[in-house]
Amino acid sequence: MTNFENAFPTNTNLYRDEATAKHQLPILCNHCDKPPCVRACPTKATFRNKDGMVVMDYHRCIGCRFCMAACPYGSRSFNWREPADFVKNLNRDFPRRMRGVVEKCTFCDERVSAGKQPACVEACGESKAIVFGNLNDPNSEIRKMLKENHTIQRNPALGTIPSVFYIV
Amino acid sequence: MFEKALKGNNYYWMWLAFLGFFIAIAAVCYLRQYFYGLGITGMSRDVSWGLYISQFTFLVGVAAGGVMLVLPYYIHNYKAFGRITILGEFLAISSLLMCLMFIMADLGQPLRGLNVMLYPTPGSMLFWDMCVLWGYLILNALCGWVILTAERKGVHPPKWIYFFVYLSIPFAFSIHTVTAMLYCGLPGRHFWLSAIIAPRFLASAFAAGPALIVVLAMILKRVANFDAGKEAINKMVTIIIYAALANMFFVGLEFFVGFYSNIPGHMHTLQYLFFGLEHHGHVYNNLVPFMWGFIVLFLVGISLLIHPYTRKQSDLWLGIGCASIFFAFWLDKGIGFVLGGFVPTPTEEIVEYYPTFNELFITIGIWATGFFILTILYKIAISVEHEIEA
Numbered sequence: 001m002t003n004f005e006n007a008f009p010t011n012t013n014l015y016r017d018e019a020t021a022k023h024q025l026p027i028l029c030n031h032c033d034k035p036p037c038v039r040a041c042p043t044k045a046t047f048r049n050k051d052g053m054v055v056m057d058y059h060r061c062i063g064c065r066f067c068m069a070a071c072p073y074g075s076r077s078f079n080w081r082e083p084a085d086f087v088k089n090l091n092r093d094f095p096r097r098m099r100g101v102v103e104k105c106t107f108c109d110e111r112v113s114a115g116k117q118p119a120c121v122e123a124c125g126e127s128k129a130i131v132f133g134n135l136n137d138p139n140s141e142i143r144k145m146l147k148e149n150h151t152i153q154r155n156p157a158l159g160t161i162p163s164v165f166y167i168v
Numbered sequence: 169m170f171e172k173a174l175k176g177n178n179y180y181w182m183w184l185a186f187l188g189f190f191i192a193i194a195a196v197c198y199l200r201q202y203f204y205g206l207g208i209t210g211m212s213r214d215v216s217w218g219l220y221i222s223q224f225t226f227l228v229g230v231a232a233g234g235v236m237l238v239l240p241y242y243i244h245n246y247k248a249f250g251r252i253t254i255l256g257e258f259l260a261i262s263s264l265l266m267c268l269m270f271i272m273a274d275l276g277q278p279l280r281g282l283n284v285m286l287y288p289t290p291g292s293m294l295f296w297d298m299c300v301l302w303g304y305l306i307l308n309a310l311c312g313w314v315i316l317t318a319e320r321k322g323v324h325p326p327k328w329i330y331f332f333v334y335l336s337i338p339f340a341f342s343i344h345t346v347t348a349m350l351y352c353g354l355p356g357r358h359f360w361l362s363a364i365i366a367p368r369f370l371a372s373a374f375a376a377g378p379a380l381i382v383v384l385a386m387i388l389k390r391v392a393n394f395d396a397g398k399e400a401i402n403k404m405v406t407i408i409i410y411a412a413l414a415n416m417f418f419v420g421l422e423f424f425v426g427f428y429s430n431i432p433g434h435m436h437t438l439q440y441l442f443f444g445l446e447h448h449g450h451v452y453n454n455l456v457p458f459m460w461g462f463i464v465l466f467l468v469g470i471s472l473l474i475h476p477y478t479r480k481q482s483d484l485w486l487g488i489g490c491a492s493i494f495f496a497f498w499l500d501k502g503i504g505f506v507l508g509g510f511v512p513t514p515t516e517e518i519v520e521y522y523p524t525f526n527e528l529f530i531t532i533g534i535w536a537t538g539f540f541i542l543t544i545l546y547k548i549a550i551s552v553e554h555e556i557e558a
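Protein sequence lines correspond, in order, to chains A and B. Numbering follows the numbering used here, in which position 140 of the first sequence is assigned residue number 140; successive positions increment by one, without gaps. Numbering follows the numbering used here, in which position 161 of the second sequence is assigned residue number 329; successive positions increment by one, without gaps.
For reference, chain A alone in the conformation it holds in the complex (with noise of 0.2 Å):
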């Protein structure tokens, strides 16, 4: 979570309203349509899948954390130390994560393609504060939904084609 201004720092109002400037909201891979990440990368161990998901295959990536540099939206981390020593209830659902590699939200890939929600989407619950779907699909829940809202994404103009909008 963060602030208006860290997520849109290209949207610069020196008289924002109260409620923008005070919320705070989520920031998350964009799973961008032209992704700067997958274009870096030098082993195709990040790609988009075909439902046009920016993924990981977590044991080809070599840690050169090029991609790290061209995400325009710093949204990628890398695992500087073992992580399984930070993971108190194993998961077994979960892919075995591993040190020296880089992490990025999947839209939980596993649990998509086993016709499941992503994990945050399940936790925002009957809120609808996230709508996952299918953007290619005209009648998805979730192209209901910006057709009806006025949404942004976080800097378009660098051509990366963001499928993450926001309602502000």
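Hints are computed from structural coordinates only; laboratory data are not their basis. Hints are all accurate, no fakes.
Each pair of labels, with its calculated beta carbon distance range:
1. A:A19 with B:H447: 15 to 25 Å
2. B:L421 with A:K50: 39 to 49 Å
3. B:F525 with A:S77: 23 to 33 Å
4. B:Y287 with A:I130: 26 to 36 Å
5. A:T151 with B:H447: 25 to 35 Å
6. B:H447 with A:A129: 25 to 35 Å
7. B:H447 with A:Q24: 16 to 26 Å
8. A:T2 with B:L199: 34 to 44 Å
9. B:Y428 with A:I167: 29 to 39 Å
10. B:T513 with A:R16: 12 to 22 Å
11. A:L135 with B:F443: 42 to 52 Å
12. A:Q153 with B:F443: 26 to 36 Å
Being a predicted model, the structure only gives us computed values, none of them experimental. Backbone N, C-alpha and C define an ideal beta-carbon position, used for all residues, glycine too.
Please arrange chain B on chain A, whose structure you already have, making use of the hints.
Using the frame of chain A, we list chain B on its own:
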């Protein structure tokens, strides 16, 4: 020819032992990093590349700088460089080996390094960087070795080698151009996103590389009885002066574009590097001393090189001038350029980077390894020269 490296005076062995001491420390530090992970360095999510990649970037330039000897000698038939092109080629070899070591030190999963070749990705600039770095390394090793062997036998080098010599010239330009493209093609990093980065890299490389060769030539003259020749040194100094001025011109253009356009993203990193950047009441300025060191050393170096008195009077002034230029551009490209590019972060926060001691010792150790290799290569080259003269 390697046997030449096994015979030397006490100073030679003491120097190698001195370098070996730092290599040994670095080996221990690297093992610590290997077993703990890169968490032992000062890098973070926000400054995700540190000293390793910044040294790599600078050393690619030093390697490319050697072409400033090869090109005049082979293309323009500038005979005065005949004796010292081998110094440029061997410097390129040791610089490239340092580059590769810095890359390996920086990888989170070094054992998977070959994945870059197993899953070639032409869309990634890192893939191309690997291709040109290895290509240039092999070309220099091949050309240097074949030509030195021919010299030793007192025969002309075989004709086929000239194909590779000429090929190495565009390769020298390409290694630094592609290294610049690692940075200047990334959206959202305004400081790097500039078409002047590749020419600027080449300009500073063609100053820093030859400057180091001049300093090394001065040292070789004293310790190895090897005289590069006044004419060759003078010509190199001319190249250094023009290349250094071109680099500063490009730096000035960056300032103009940033500050005249008044676009915050184009100014932030320059402000951070040279003046310190204020953010939420705190001024972040840990790179400011380095950048002013760069400016001051450049001014000292260029004055010593341009003024006829200091240039011609003594080797000492000339050596100090060249060393100043070398260190100035090391501060510029080997410190400021890479580290500064991460400030501010994409979410407009400022995170400063401080290397850890472990990281510093690994960095020093890789430099020491490079100079260890360079010493051995120069020892071989100069022993052969002496053998021919005798």
